[in-house]
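Asker: So the protein sequences, as listed, match chains C and S.
Counting from 1 along the first sequence, just add 129 to a position and that's the residue number in this note's numbering.
Counting from 1 along the second sequence, just add 13 to a position and that's the residue number in this note's numbering.
Hints may contain errors.
[As the list claims (entries may be wrong)] Here are the computed lysine-lysine pairs in the DSSO-like style, where the Cα-Cα straight-line distance is at most 27 Å: (1) Lys79(S) with Lys54(S); (2) Lys68(S) with Lys228(C); (3) Lys68(S) with Lys165(C); (4) Lys54(S) with Lys228(C); (5) Lys77(S) with Lys228(C); (6) Lys228(C) with Lys79(S).
[Said to hold, decoys possible] Which chain C residues face chain S? A few, computed with CB under 10 Å, are given here: (7) Tyr153; (8) Leu174; (9) Gly211; (10) Thr230; (11) Phe231.
The set of hints was computed from the structure by calculation and includes no laboratory data.
Ideal Cβ positions, reconstructed from N, Cα and C, are used throughout, including at glycine.
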Amino acid sequence: GEDVEQSLFLSVREGDSSVINCTYTDSSSTYLYWYKQEPGAGLQLLTYIFSNMDMKQDQRLTVLLNKKDKHLSLRIADTQTGDSAIYFCAEGNTGTASKLTFGTGTRLQVTL
Amino acid sequence: GAVVSQHPSRVICKSGTSVKIECRSLDFQATTMFWYRQFPKQSLMLMATSNEGSKATYEQGVEKDKFLINHASLTLSTLTVTSAHPEDSSFYICSGVLQETQYFGPGTRLLVL
Numbered sequence: 130g131e132d133v134e135q136s137l138f139l140s141v142r143e144g145d146s147s148v149i150n151c152t153y154t155d156s157s158s159t160y161l162y163w164y165k166q167e168p169g170a171g172l173q174l175l176t177y178i179f180s181n182m183d184m185k186q187d188q189r190l191t192v193l194l195n196k197k198d199k200h201l202s203l204r205i206a207d208t209q210t211g212d213s214a215i216y217f218c219a220e221g222n223t224g225t226a227s228k229l230t231f232g233t234g235t236r237l238q239v240t241l
Numbered sequence: 014g015a016v017v018s019q020h021p022s023r024v025i026c027k028s029g030t031s032v033k034i035e036c037r038s039l040d041f042q043a044t045t046m047f048w049y050r051q052f053p054k055q056s057l058m059l060m061a062t063s064n065e066g067s068k069a070t071y072e073q074g075v076e077k078d079k080f081l082i083n084h085a086s087l088t089l090s091t092l093t094v095t096s097a098h099p100e101d102s103s104f105y106i107c108s109g110v111l112q113e114t115q116y117f118g119p120g121t122r123l124l125v126l
């Protein structure tokens, strides 16, 4: 089955850039997503990228996709304390009725 | 747009009782909704796919008689945990699908004593 892996923890200083990485195994993935989860809350969709794109930028967020290596990254510029949360990548395929496979989640800690 | 709500946000119940959790899409119609379970410090585990007007599709290992799902309308899906036990204590999250993207509810924390 599909497998999506992320590193468990990342600590950055406020104002620095954060890069959260994700690897996946399903080469037929059509969409790749980044979600943010704050403590005790649901998931907030941050951004997504189609598999035929290499990069997508949305304000402080930049998503890079290396389809050959099945590697996805999320870069957060000028990281703020409010960015502290768990970040999940997820992959989906139009052929599976929007079903997603989630990564293990990366806890981002932003220090002063 | 694409807001999903859940009710209740938190519930405590006694072992053996049943608990119903509601998932509503507030500003869109969701033919498909998903139900997830999340254990502390873990990822989301898909429990079932809820389709309006038809039976839910359960993932392997999820007991359909224990976790009853009803998708009565295009904006409401319910998950009923029947005869709850302490091991059912968890964070339950639903999502609604709009244009092939999932939008998540805020989650329901269930504690079974």
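Asker: All the hints need checking, so say for each whether the structure fits it.
Answerer: Evaluated hints:
The straight-line distance between the Cα atoms of Lys79(S) and Lys54(S) is roughly 24 Å, inside the 27 Å bound, and the hint therefore holds. Restraint check for Lys68(S) and Lys228(C): satisfied, since their Cα atoms lie roughly 16 Å apart, inside the 27 Å limit. Restraint check for Lys68(S) and Lys165(C): the C-alpha separation of about 30 Å exceeds 27 Å, so the hint is violated. A threshold of 27 Å between alpha carbons decides the hint, and for Lys54(S) with Lys228(C) the separation of about 22 Å falls inside it, so the pair holds.
Between Lys77(S) and Lys228(C) the alpha-carbon distance is near 19 Å, which keeps this suggested pair within the 27 Å criterion. About 22 Å separates the Cα atoms of Lys228(C) and Lys79(S), which keeps this hinted pair within 27 Å; it holds. Interface hint status for Tyr153(C): violated, as the beta-carbon distance to the closest one in chain S is roughly 13 Å, over 10 Å. The restraint placing Leu174(C) at the interface with chain S holds, with a minimum CB-CB distance near 6 Å, inside the 10 Å limit.
Taken as an interface hint, Gly211(C) does not check out: its beta carbon lies about 17 Å from the nearest beta carbon of chain S, beyond 10 Å. The criterion of a C-beta within 10 Å of any C-beta in chain S is met by Thr230(C), whose closest approach is roughly 8 Å, and the hint holds. Interface restraint check for Phe231(C): the shortest CB-CB distance to chain S comes to about 5 Å, inside 10 Å, so the restraint holds.
Hint violations for this structure: numbers 3, 7, 9, all remaining hints satisfied.
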